[in-house]
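**Q** Residues per chain are reported as follows:
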Amino acid sequence: MQVSKEEILHIAKLANLNLKEEEVNTYMGHLEEILNFANVVNEAPIEGLEESIGVNEAYNVFRRDEIVQGLQREELLQNAPDSQEGMFKIPKVIN
Amino acid sequence: MEIYELTVHELLEKLYKKEITKEEILTSYQNRINEKEKDVQAFVTITEEEAKEQFKKVQEGNNTSKLAGIPIGIKDNICTKGIKTTCASKMLENFVSPYDATVMDKINAEGMVTLGKLNMDEFAMGGSTEHSYFKKTKNPWNLNKVPGGSSGGSAAAVAAGMVPWALGSDTGGSIRQPASFCGIVGLKPTYGLVSRFGLVAFASSLDQIGTLTKDVEDSALLLNVIAGHDEKDSTSAAKEKEDYTKALKNDVKGLKIGVPKEYFGEGINEEVKASIEKVIEKYRELGATVEECSLDVADYALATYYIIACAEASSNLGRFDGIRYGYRTKNYENLKDIYRNSRSEGFGAEVKRRIILGTYVLSSGYYDAYYKKAQQVRTLVKNEFARNFEKYDVILTPTASNVAFDIGSKINDPLEMYLADLCTVPVNIAGLPGISVPCGLNSEKMPIGFQLIGKPFAESTILNAAYTYEQNTDFKKNKPEFKN
Amino acid sequence: MSREDYEVVIGLEVHAELATKTKIFCSCPTEFGGEPNTHCCPICMALPGTLPVLNEKVVEYAVRAGLATNCEIEQNSKNDRKNYFYPDLPKAYQISQYDRPLCKRGSIEIENEKGEKRTIRITRIHIEEDAGKLNHDEFGGGSLVDLNRAGVPLIEIVSEPDIRSSVEAENYLRKLKSILEYIEVSDCKMQEGSLRADVNVSVRKKGETKLGTRTEMKNMNSFRSIVRGIEYEIDRQIDLIEDGGVVEQETLRWDDVSGRTFSMRDKEDAQDYRYFPDPDLVAIRLSDEYIENIRKSLPELPESRRERYIEEYKLTEREANLLTASKYLSNLFESTTSICGNAKAACNWILSDISRILNEREMEPNEIPFTSDHLAELIALIEKGTISSAIAKKVLEELFENPNKPSKIIEEKGWIQISDEGAIREVVLKVLQATPQSVADFKAGKEKAIGFLVGQAMKETKGKANPQMLNKMFVEEINKM
Chain S
2 MQVSKEEILH
12 IAKLANLNLK
22 EEEVNTYMGH
32 LEEILNFANV
42 VNEAPIEGLE
52 ESIGVNEAYN
62 VFRRDEIVQG
72 LQREELLQNA
82 PDSQEGMFKI
92 PKVIN
Chain F
95 MEIYELTVHE
105 LLEKLYKKEI
115 TKEEILTSYQ
125 NRINEKEKDV
135 QAFVTITEEE
145 AKEQFKKVQE
155 GNNTSKLAGI
165 PIGIKDNICT
175 KGIKTTCASK
185 MLENFVSPYD
195 ATVMDKINAE
205 GMVTLGKLNM
215 DEFAMGGSTE
225 HSYFKKTKNP
235 WNLNKVPGGS
245 SGGSAAAVAA
255 GMVPWALGSD
265 TGGSIRQPAS
275 FCGIVGLKPT
285 YGLVSRFGLV
295 AFASSLDQIG
305 TLTKDVEDSA
315 LLLNVIAGHD
325 EKDSTSAAKE
335 KEDYTKALKN
345 DVKGLKIGVP
355 KEYFGEGINE
365 EVKASIEKVI
375 EKYRELGATV
385 EECSLDVADY
395 ALATYYIIAC
405 AEASSNLGRF
415 DGIRYGYRTK
425 NYENLKDIYR
435 NSRSEGFGAE
445 VKRRIILGTY
455 VLSSGYYDAY
465 YKKAQQVRTL
475 VKNEFARNFE
485 KYDVILTPTA
495 SNVAFDIGSK
505 INDPLEMYLA
515 DLCTVPVNIA
525 GLPGISVPCG
535 LNSEKMPIGF
545 QLIGKPFAES
555 TILNAAYTYE
565 QNTDFKKNKP
575 EFKN
Chain H
2 MSREDYEVVI
12 GLEVHAELAT
22 KTKIFCSCPT
32 EFGGEPNTHC
42 CPICMALPGT
52 LPVLNEKVVE
62 YAVRAGLATN
72 CEIEQNSKND
82 RKNYFYPDLP
92 KAYQISQYDR
102 PLCKRGSIEI
112 ENEKGEKRTI
122 RITRIHIEED
132 AGKLNHDEFG
142 GGSLVDLNRA
152 GVPLIEIVSE
162 PDIRSSVEAE
172 NYLRKLKSIL
182 EYIEVSDCKM
192 QEGSLRADVN
202 VSVRKKGETK
212 LGTRTEMKNM
222 NSFRSIVRGI
232 EYEIDRQIDL
242 IEDGGVVEQE
252 TLRWDDVSGR
262 TFSMRDKEDA
272 QDYRYFPDPD
282 LVAIRLSDEY
292 IENIRKSLPE
302 LPESRRERYI
312 EEYKLTEREA
322 NLLTASKYLS
332 NLFESTTSIC
342 GNAKAACNWI
352 LSDISRILNE
362 REMEPNEIPF
372 TSDHLAELIA
382 LIEKGTISSA
392 IAKKVLEELF
402 ENPNKPSKII
412 EEKGWIQISD
422 EGAIREVVLK
432 VLQATPQSVA
442 DFKAGKEKAI
452 GFLVGQAMKE
462 TKGKANPQML
472 NKMFVEEINK
482 M
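Protein chains in written order, with this note's numbering: chain S, 2 to 96; chain F, 95 to 578; chain H, 2 to 482.
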């Protein structure tokens, strides 16, 4: 499995990570190595097998449509790096 | 024997006989922390004052639970209201959850006292606790060795007698492997038995909270507290409450044990193999039937594990964006800077590596080749276990391919580190219960553990099998030496 | 070549907020407004460790919508994560549905500009969560994140590209809106954003079978801007092609003020949503019985009501269309008619005066403050001659201000029609005395003069005199002269 530098940079962008030049190379190497190993899944005898979404056999786990009071806004915002007027503050975003 | 050396059920017995008091228990553990923490480095946060405060309240509140006032340690990825929950990451260095995890509600309802938050690999990603942003926890048996991971702080704290027991989380072996490295008992319950609400997610379909204890009876006791259906977790199983201590019968006559030959191959250390052979002999001696069996999915399971775990993690960790909580870079002008710089500076190398792998396997063009296949392999693994469980009550394997390794010796080889999870990850892939039990020391006096795997929700079966072994051997008597 | 040589192809992705009490995955209220971040909890704020649990009503409402639009219901459905970063999306993924939406392959019928019937196919309806809102800080120059809307349940209704004009697009959306209102799954308040559409537009030369490159206008929330936006895009794309250019596939923002679209390139930037099944949620399996129970509980839909009105009440097609377009007006009509027995009058009042007042006051039909009892009584009072229709219009205005029984209103206001012969004769004589010219005109054959006289008498009685009696008495008295 060959992973190109462009691919690593594209993936990093999707994941919102900055990679330094040396990190790009390290991660490229690791990713190739791990993917080569992970490729064994393509040799597994899985013809006709369903995909497992988790291991839970349960289905239709629902909640009733009833209001439950949440926490106070102060508690919900207590970890905010920056806030104003009860909202999370970020640099201006143009819609 | 010192108080801090006792198991919880022994403490309860002595309390019942009025040989000790609850105050003495708390003091003994807090003193032990003061004495040993500098060597072991198991805690991210020690809540000395809060614990005393909590203890006082419990004493005044007339909590009738027999566990009221009993101390506990909590892995630092379980949300505790008012106490920092860091996941051992710079990202959450100052994060204080405004709510308690469901397991904490249960622990608090029993009146148990939290002594602190325990170190781990960052966001539970790793098998050595070397990937903590804050500190490297040492193995109490040999301070130059890792305690295992990711619940390394929990395992080391229990082994060192700094807490009588602890909660951990297990995504691919993160309770069982450090338990085995530190010579204690680690139980990963069936997926869905314990609520995940309030456990900071690594891989949602694999994560499960479990126990790290000095012996099997304590595992059953603590599991009684934390197990149970939770409406806040859609994947929580709607099961009747069980008393797991009632399952401990010290009798395995007629128990059918399968030993998969795949876990005795070249990847497994010879001393570990020899030790497991003795376990097998012991079980036969105790009246169980032990047969070689085949679980021909080991390699696939490991690859599948890394694909699924990283894919889920890459999505679960998206919320750490520097906006609502967590680390925000100082270095920003626009939103993009906040996202990229906060995440790049706030996450450690291993976390970033897994986010990249996970993003890659989910990305367009690769989804079918990796993620979709991995989910099919998951079905294969489940089927393979189910096939074996038609014949056997439990499956026995080594917990880890080797004993604890030297700190720093594997940190630059992620793949080798991943391969070491060979025996534990299939259990998470299939959502089964697994327990690691100490079964001896190697020539360097490092602990070895074996793993028992049960059918879904058959915790009672594996607890009884583990208990019976423990009662008929004396490895429990081995104590760590804090060798330098 | 001109616009006539092109065919327009439009597809709509309509988002409707569901009228549940609580959010889709947590127990916070969905109520519109409120102080920022007060309809929130650790779950919809995506605090570490939190987990979603699906609201049962969301599934039920989506299935209702699917059945009302002739969809097949997916009996083995699931939720998927759509991963992307944006400050209004706290988990950095939206829980939506990817390859197994709850409903698929439906259709609704609309009319085009020529009055012809057109079938618009519906590709799918799926459930998902709404995002929060970014407010702009006037002074500090930053943006502020409010998550009150984050986690409000939505259904997304995706049409096939079957729509051929802006009129059809508008009619499709109006039809969809009225269906959703009828089955009570959404209040469809466009000004609050609870109904909004992404509009895909492309053009191709007539006869061409391949679709042209489409552009997508995001988050349109009024009929007017949808029509204007589509017209603008059609012109822009045709001009571009005619000038030898190519249409680029892109996401656009329609600006109502400047009347043009702008590219939103930023959002397009390397988008790869990495959909995968949400491992925090379990499968949704719907039994035949569950689906049949919902089907049985569906109310009569506008289509069938329309037919019935024409048949049963002898309304014109236009009247039936207008009345059934709003569930509220249609209900008001039926209930008023059942009380007063006069369908024609009920229809006229609703479609003329009531609709005019709603328009003037920019009110929605469901904000009408009075009941069908009031309207029925008003109609009966006219029929009995207690009030004139002129007074009735005043009573209606009053009903919007202070809803009360019309008989009470006219009594309090002293608006009861004067039908007493003596009193009326007194007014008639007074008016005749004051306007000799009109009398002369009438005698000279100018029939219209009688109208003027009646008008004067009405003025004198503040509109309370019975106009038929006035008419009759003026003729009598003039003839006596």
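In short, the hints are calculated from the structure, not lab data.
For glycine and all other residues, C-beta sits at the position ideal for the given N, C-alpha and C.
Heads up, some of the hints might be wrong.
[Unchecked claim] Calculated Cβ distances over 10 Å to all of chain F for the following chain S residues:
{"hint": "1", "residue": "Asn-26"}
{"hint": "2", "residue": "Glu-44"}
{"hint": "3", "residue": "Gln-70"}
{"hint": "4", "residue": "Glu-86"}
[As the list claims (entries may be wrong)] Cut-off 25 Å, straight-line C-alpha distance, at most; resulting in silico cross-link-like pairs (BS3-like, lysine-lysine):
{"hint": "5", "chain 1": "H", "residue 1": "Lys-219", "chain 2": "F", "residue 2": "Lys-430"}
{"hint": "6", "chain 1": "H", "residue 1": "Lys-176", "chain 2": "S", "residue 2": "Lys-93"}
{"hint": "7", "chain 1": "H", "residue 1": "Lys-83", "chain 2": "F", "residue 2": "Lys-466"}
{"hint": "8", "chain 1": "F", "residue 1": "Lys-367", "chain 2": "S", "residue 2": "Lys-93"}
{"hint": "9", "chain 1": "F", "residue 1": "Lys-504", "chain 2": "S", "residue 2": "Lys-21"}
{"hint": "10", "chain 1": "H", "residue 1": "Lys-219", "chain 2": "S", "residue 2": "Lys-14"}
{"hint": "11", "chain 1": "S", "residue 1": "Lys-93", "chain 2": "F", "residue 2": "Lys-333"}
{"hint": "12", "chain 1": "S", "residue 1": "Lys-14", "chain 2": "F", "residue 2": "Lys-424"}
{"hint": "13", "chain 1": "S", "residue 1": "Lys-14", "chain 2": "F", "residue 2": "Lys-504"}
{"hint": "14", "chain 1": "S", "residue 1": "Lys-14", "chain 2": "F", "residue 2": "Lys-184"}
**Q** Each hint should be assessed against the structure and marked as holding or not.
**A** How the hints compare with the structure:
no.: 1; hint: Asn-26; result: holds (13 Å)
no.: 2; hint: Glu-44; result: violated (8 Å)
no.: 3; hint: Gln-70; result: holds (13 Å)
no.: 4; hint: Glu-86; result: holds (15 Å)
no.: 5; hint: H:Lys-219 with F:Lys-430; result: holds (22 Å)
no.: 6; hint: H:Lys-176 with S:Lys-93; result: violated (38 Å)
no.: 7; hint: H:Lys-83 with F:Lys-466; result: holds (16 Å)
no.: 8; hint: F:Lys-367 with S:Lys-93; result: violated (61 Å)
no.: 9; hint: F:Lys-504 with S:Lys-21; result: holds (23 Å)
no.: 10; hint: H:Lys-219 with S:Lys-14; result: holds (24 Å)
no.: 11; hint: S:Lys-93 with F:Lys-333; result: violated (49 Å)
no.: 12; hint: S:Lys-14 with F:Lys-424; result: holds (20 Å)
no.: 13; hint: S:Lys-14 with F:Lys-504; result: violated (29 Å)
no.: 14; hint: S:Lys-14 with F:Lys-184; result: holds (21 Å)
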